[in-house]
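2 protein chains.
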Amino acid sequence: MVLFSSLTPVFIAVICVLIGIILKSTRKSSKKEKSDTKNKPESRPWVDEDLRDSTDLHVEEDDIDEEWQGLDENIAHVPFSAERYSEDEMIKRSKEFYELLNKRRTVRFISDEPVPKEVIDNVIKTAGTSPSGAHTEPWTFVVVHDPEIKHKIREIIEEEEEVNYRKRMGDKWVHDLKRLRTNWIKEYLDTAPYLILIFKQVYGRLPNGKKKTHYYNEISVSIACGILLAALQNVGLVTVTSTPLNCGPRLRVLLQRSANEKLLLLLPVGYPSKDATVPDLTRKPLDDIMVAM
Amino acid sequence: MVLFSSLTPVFIAVICVLIGIILKSTRKSSKKEKSDTKNKPESRPWVDEDLRDSTDLHVEEDDIDEEWQGLDENIAHVPFSAERYSEDEMIKRSKEFYELLNKRRTVRFISDEPVPKEVIDNVIKTAGTSPSGAHTEPWTFVVVHDPEIKHKIREIIEEEEEVNYRKRMGDKWVHDLKRLRTNWIKEYLDTAPYLILIFKQVYGRLPNGKKKTHYYNEISVSIACGILLAALQNVGLVTVTSTPLNCGPRLRVLLQRSANEKLLLLLPVGYPSKDATVPDLTRKPLDDIMVAM
Chain A
1 MVLFSSLTPV
11 FIAVICVLIG
21 IILKSTRKSS
31 KKEKSDTKNK
41 PESRPWVDED
51 LRDSTDLHVE
61 EDDIDEEWQG
71 LDENIAHVPF
81 SAERYSEDEM
91 IKRSKEFYEL
101 LNKRRTVRFI
111 SDEPVPKEVI
121 DNVIKTAGTS
131 PSGAHTEPWT
141 FVVVHDPEIK
151 HKIREIIEEE
161 EEVNYRKRMG
171 DKWVHDLKRL
181 RTNWIKEYLD
191 TAPYLILIFK
201 QVYGRLPNGK
211 KKTHYYNEIS
221 VSIACGILLA
231 ALQNVGLVTV
241 TSTPLNCGPR
251 LRVLLQRSAN
261 EKLLLLLPVG
271 YPSKDATVPD
281 LTRKPLDDIM
291 VAM
Chain B
1 MVLFSSLTPV
11 FIAVICVLIG
21 IILKSTRKSS
31 KKEKSDTKNK
41 PESRPWVDED
51 LRDSTDLHVE
61 EDDIDEEWQG
71 LDENIAHVPF
81 SAERYSEDEM
91 IKRSKEFYEL
101 LNKRRTVRFI
111 SDEPVPKEVI
121 DNVIKTAGTS
131 PSGAHTEPWT
141 FVVVHDPEIK
151 HKIREIIEEE
161 EEVNYRKRMG
171 DKWVHDLKRL
181 RTNWIKEYLD
191 TAPYLILIFK
201 QVYGRLPNGK
211 KKTHYYNEIS
221 VSIACGILLA
231 ALQNVGLVTV
241 TSTPLNCGPR
251 LRVLLQRSAN
261 EKLLLLLPVG
271 YPSKDATVPD
281 LTRKPLDDIM
291 VAM
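Chains as they are written, first to last, in full-length UniProt numbering: chain A, 1 to 293; chain B, 1 to 293.
Keep in mind the hints are simulated off the structure, nothing from the lab. Every value quoted in this text rests on a predicted model; they were computed, and no experiment measured them. Warning: the hint list may mix true and false statements.
Copies of the same chain look alike in the list, so a pair counts if it fits in one copy or across any two.
Said to hold, decoys possible - The list that follows gives simulated cross-link-like pairs (lysine to aspartate or glutamate, EDC-like), each with its CA atoms no further than 20 Å apart:
| no. | residue 1 | residue 2 |
| --- | --- | --- |
| 1 | K212 | E87 |
| 2 | K95 | E83 |
| 3 | K274 | E155 |
| 4 | K167 | E99 |
| 5 | K152 | E83 |
| 6 | K211 | D121 |
| 7 | K284 | E118 |
| 8 | K212 | D288 |
| 9 | K274 | E158 |
| 10 | K95 | E162 |
| 11 | K103 | D121 |
| 12 | K274 | D146 |
| 13 | K92 | E118 |
| 14 | K210 | D88 |
| 15 | K167 | D280 |
| 16 | K95 | D287 |
| 17 | K117 | E96 |
| 18 | K103 | E83 |
| 19 | K210 | D275 |
| 20 | K274 | E113 |
| 21 | K167 | D88 |
| 22 | K284 | E148 |
| 23 | K167 | E83 |
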């Protein structure tokens, strides 16, 4: 008992140290848990680490120091007038546009026949008419025609995609895609006369170097891609709406895009090859996608 | 000293309890920190808490137990043929489509004139031709024509938007939007003959109740919205591409959507009102949005 009593201060000191160690390790492990959750490719294999909206990122206080640019303080408002069609014309136009777009299919067999560059320019201009959060127009369309660059893109994508298929995606997704006869061999990346790589600018830069917020940039750029797909279909060109998983950083370096640009989609564009086939899919009927009230 | 020594076991017991309490509170506070970070509207005000892609969500092990449905194991492939236009026709079509789409503007002054329902059906059908990750078609278009429901939607949105403007968005964003003359009064929600609320299905349900993964659902649904905007422009209707911040849950309840559906966009649709004005904006020229190589 005397031994014990003389040791009491030592006990207390030891216990204090223990508390310290425990506290520290608890913090560490909770941090670790957090980052583990973040880097868990097995459970959410379709998350491209590079494909995060700026809205997903934790915004540092520094990043708040942004300015809006491009519009004057009191921008003038001007009268708006639109084409006015009769009801019959509207119905006819809406039906014809539906029939045109309903023939669109994702086509993986693309001919190497040349496509007029003017048409490509026009479809990109059309995509650029898309609305965007606070009119930031946060898109860059990189149009690759050079065969060597196309081949380098193919190499990067096939390399990463093979890893995706073999490791990252998990059996289930691979199984899902197998039914669509999708794999990591992407011949169309060489044969298609144009590859359109669509980057979202997660933020912009002002002339003074400050960051400019790009609100809802991923939704905005995806909407622009929808308009681009419609424009391609309208001229008889085909594409594959592809999201090259985890290739963003390497492709960004290859194409010399700056750090604020993240690859959202890659569209190989051309005429369908003569022997092109597509999976015999159907689309949901109107009643399955629309709720009227 | 004797007093101390006899108290040693008590000390140890007290210290053990203390350790327990400290550990517990550390965990709590680290959890609290986490959720604080999550709900930090000041630093990233444009994040709608309800508007997260399923790809952002932590996927529980349970959720992995999903199946692909709708396609047979070995789905047949069928020959594909596309409309083939001459080069001149392609250039002409691409130019005309650009000119049509370039007249599209976001219009906040919408007339209450009735619009043929058949046209609305056709534009929704057109949006439904959009590609989607693994052909999941993860969209629901809720088309509201009923004046009472429209008014309830307006009440919810104006209520939340006023809070957004006054508190959540921060001075900078409000300042940015002021230049576009945007505020929380949304008259068009009453006057527009149709409100189209576009929900992304972050996952699907199989007949057996299991969850079905919806890969890249936000990108897919946004692409469908791009096609929808093109279809609306094609018939002379106008809209506002709006993202009602933080209204998703209340609107989901009002419109009786299930938990897997998250509001992505709301489009009020109609003819422009006679005195409609738009801000005198320009779009970036082709050279600013396209990089050719």
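Verification of the hints:
no. : hint        : verdict
1   : K212 / E87  : neither (43 Å within a copy, 41 Å between copies)
2   : K95 / E83   : both (18 Å within a copy, 17 Å between copies)
3   : K274 / E155 : neither (25 Å within a copy, 55 Å between copies)
4   : K167 / E99  : neither (40 Å within a copy, 46 Å between copies)
5   : K152 / E83  : neither (46 Å within a copy, 31 Å between copies)
6   : K211 / D121 : neither (29 Å within a copy, 42 Å between copies)
7   : K284 / E118 : between (35 Å within a copy, 18 Å between copies)
8   : K212 / D288 : between (40 Å within a copy, 16 Å between copies)
9   : K274 / E158 : neither (24 Å within a copy, 54 Å between copies)
10  : K95 / E162  : neither (42 Å within a copy, 39 Å between copies)
11  : K103 / D121 : between (23 Å within a copy, 18 Å between copies)
12  : K274 / D146 : neither (23 Å within a copy, 49 Å between copies)
13  : K92 / E118  : between (29 Å within a copy, 10 Å between copies)
14  : K210 / D88  : neither (51 Å within a copy, 45 Å between copies)
15  : K167 / D280 : neither (29 Å within a copy, 51 Å between copies)
16  : K95 / D287  : within (17 Å within a copy, 34 Å between copies)
17  : K117 / E96  : between (27 Å within a copy, 16 Å between copies)
18  : K103 / E83  : between (26 Å within a copy, 9 Å between copies)
19  : K210 / D275 : neither (52 Å within a copy, 38 Å between copies)
20  : K274 / E113 : within (11 Å within a copy, 48 Å between copies)
21  : K167 / D88  : neither (55 Å within a copy, 47 Å between copies)
22  : K284 / E148 : neither (40 Å within a copy, 29 Å between copies)
23  : K167 / E83  : neither (53 Å within a copy, 40 Å between copies)
This entry does not satisfy hints 1, 3, 4, 5, 6, 9, 10, 12, 14, 15, 19, 21, 22 and 23, going by the numbered hints stated previously.
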